[in-house]
Amino acid sequence: MAQHRAPSKHVGTWTVITVLLAAALIGTLWVPFYNDLTPVLGGFPFFYWYQLLWVPIVAILAAAAYLLSRRAERGNGNAANDQVLEQDEQEANVR
Amino acid sequence: MSGNAVALTIVIIMFVVVTLVGFAAARWRQAEDRLHLNEWGLGGRGFGIFITWFLLGGDIYTAYTFIAVPALVYGVGALGFFAVPYTIVVFPIVFVFAPRLWSVSRVHGYITPADFVRGRYGSHGLALAVAITGILATMPYIALQLVGIQAVLTVLGVHGDWPLVIAFVVLAGYTFVSGLRAPALIAFIKDTLIYVMIIVAIVYIPEKLGGWSHIFSTAGAHLAQINPKTGKPFGSLTVGPTAVWAYSSLALGSALALFMYPHAVTGVLASRRRYAIRFNTAILPAYTLMLGFIALLGYMALAAPGVPQAVQANGANAQLAVPFLFQKMFPPWFAGIAYSAIVIGALVPAAIMSIAAANLFTRNIYKEYFNPDASPAQQTRVAQAVSLVVKLGALIFVLALSKTFSINLQLLGGIWILQTFPAIVIGLYTRWFHHWALIAGWAVAMIYGTITAYNTPAAGVPGSHFGGSTANVPLLNHTVYIALTALVINLVVAAVLTGVLRLAKIPAGVDETLRGHYLADPPGLRRARVPITRMTVGKP
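Line by line, the protein sequences are chains A and B. Those letters in the first sequence? Residues 1 to 95, by the numbering used here. Those letters in the second sequence? Residues 1 to 540, by the numbering used here.
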């Protein structure tokens, strides 16, 4: 099925999205970054507050990636959409 | 009335409320043809961003989060905190592949991951492998929910198996009647209770125990004691040098595995729009934050006077740490609220999981092999019946096996389910792998994973089986989550065999999907809703 817009138009956007998401993976999965007790923050050893801090960060990164992806995907898969709507229509008529 | 009696009364009242909501859910957002599997099994594919949030959150917040993770933190310290990076990295992963799965499923009407695999590879065998793995891995996961309920009941002084049986019969009843709508609606109550419980716990308990510094230092001192069984410390506040690989591989492996579970796929497919899934990856981390604090309840339990002693007196069952913490710290009425949160927090995922397993059986085993001409109504009836059988299986599981055993089998569930990753996720991007090669890779990895897990003894108990989920990798010489090692073996076998099969020109099966199908973003299903005032009760 032909796509109405080639994805290659948005390579830059998808690269940014990939970098945003990869940052979250590396920042949390690379244990040597944070396997320490100090510095302590509010009574929390570094190991704990560092990882908890990543939770709001990943939410922000995902939100940014979401907005970028909506822009990049506008108009994607239109032909497939028409097909689905036709199916729905047929199903509705059968009833 | 004693403190326990007050708490128990509140738990029973909450249970009754949830039961009523569960049965009433059948009439919520209902469509005309309620006997279509789309309806019972996917709530009509009509859930928006908000309900999707609750539904997917339900996959993260289970008894595993409430009971097992704090129990691990209580028992070994920092290693148990892997659940936090696990529930962080899961969102970028979902962001990338879940919308593709949603789109292609919407275009072709797929309800289960095995439906997709069958359509993509034109292979009944591979679809069957995915379906069986899904059902197999779900059963111990449901069983674990029961273990969580049992932990609460034990601390409340309720003994015997009958309360658990009652809870599950009632759960089975409203799942049967209302399908996915029941857990989706109850999830509102569940999450409200959980958020209230955890916010109060992280403000009130540290205050009472003398602050976070005191909690961490007391917990650290407890963990530094020598475990008489192993001759080594119980654990520490940071990850030991030998456990670094285990920590990140448990996090990554669990994150890759989570959305392979049929119930998590159900949560994705029940969403109305493609973008609702990506939007949710930005708001679901709210659950992760709570999960992080729930994990730290394990340290609070170590630091709370009387809790370690109570756990010790009950067979050193670390799963009782959080219920005992609530009992010692909260006034009875609030302990009752907190216990209700745990019990309902176990019931909701159990319902979602059993529905997903039932969908899998109906679509990919019953319709495929027993009754290819099954009408949508027949399919829904079979799914309803199977949801009962799955829960019964889980119940027998819990009653027949020891608690520690079922927790370890849950980890085994992760090892199994991850082996469907190549067929499902890689299949969303490329048809390069040959379906026979994927079946072979799956089979080898399943056997390797099961045998390795079987040969892993519990700490300090040589000769025991299924005692852990990490094992040494020979060439690497590090301890790694068995699921991830098995996945690598799976991929290598599949890649090599694909090369061979392609050279031999073995037909690769018919792919019914097209490129555009993975990007489709049609508006929601157009369907007439029956106004709630005109509903007739009971009769379909």
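Derived by calculation from the structure, the hints in this document are not laboratory data. Check each hint, because a few of them may be wrong.
To be verified - Some, not all, of what chain B presents toward chain A, calculated at C-beta under 8 Å:
1. Phe91
2. Pro92
3. Arg106
4. Gly211
5. His222
6. Val239
7. Thr281
8. Gly292
9. Gly468
10. Asp521
As the list claims (entries may be wrong) - Cβ-to-Cβ under 10 Å is the rule here; a few derived chain B residues that face chain A:
11. Val84
12. Gly109
13. Phe188
14. His214
15. Phe234
16. Leu237
17. Arg278
18. Phe279
19. Leu291
20. Ala310
21. Val488
Stated by the list, open to error - Covered stretches of chain A, going by a simulated chain B footprint (3 or more residues, C-beta under 8 Å):
22. 25–39
23. 46–56
24. 60–69
Note that the Cβ used here is the ideal one computed from N, Cα and C, for glycine as well.
Evaluation of the provided hints:
no. : hint   : verdict
1   : Phe91  : 6 Å, holds
2   : Pro92  : 4 Å, holds
3   : Arg106 : 6 Å, holds
4   : Gly211 : 6 Å, holds
5   : His222 : 15 Å, violated
6   : Val239 : 5 Å, holds
7   : Thr281 : 4 Å, holds
8   : Gly292 : 5 Å, holds
9   : Gly468 : 19 Å, violated
10  : Asp521 : 6 Å, holds
11  : Val84  : 5 Å, holds
12  : Gly109 : 8 Å, holds
13  : Phe188 : 21 Å, violated
14  : His214 : 8 Å, holds
15  : Phe234 : 17 Å, violated
16  : Leu237 : 6 Å, holds
17  : Arg278 : 5 Å, holds
18  : Phe279 : 6 Å, holds
19  : Leu291 : 9 Å, holds
20  : Ala310 : 25 Å, violated
21  : Val488 : 16 Å, violated
22  : 25–39  : holds (count 9)
23  : 46–56  : holds (count 7)
24  : 60–69  : holds (count 7)
In summary, the numbered hints that this structure violates are 5, 9, 13, 15, 20, 21.
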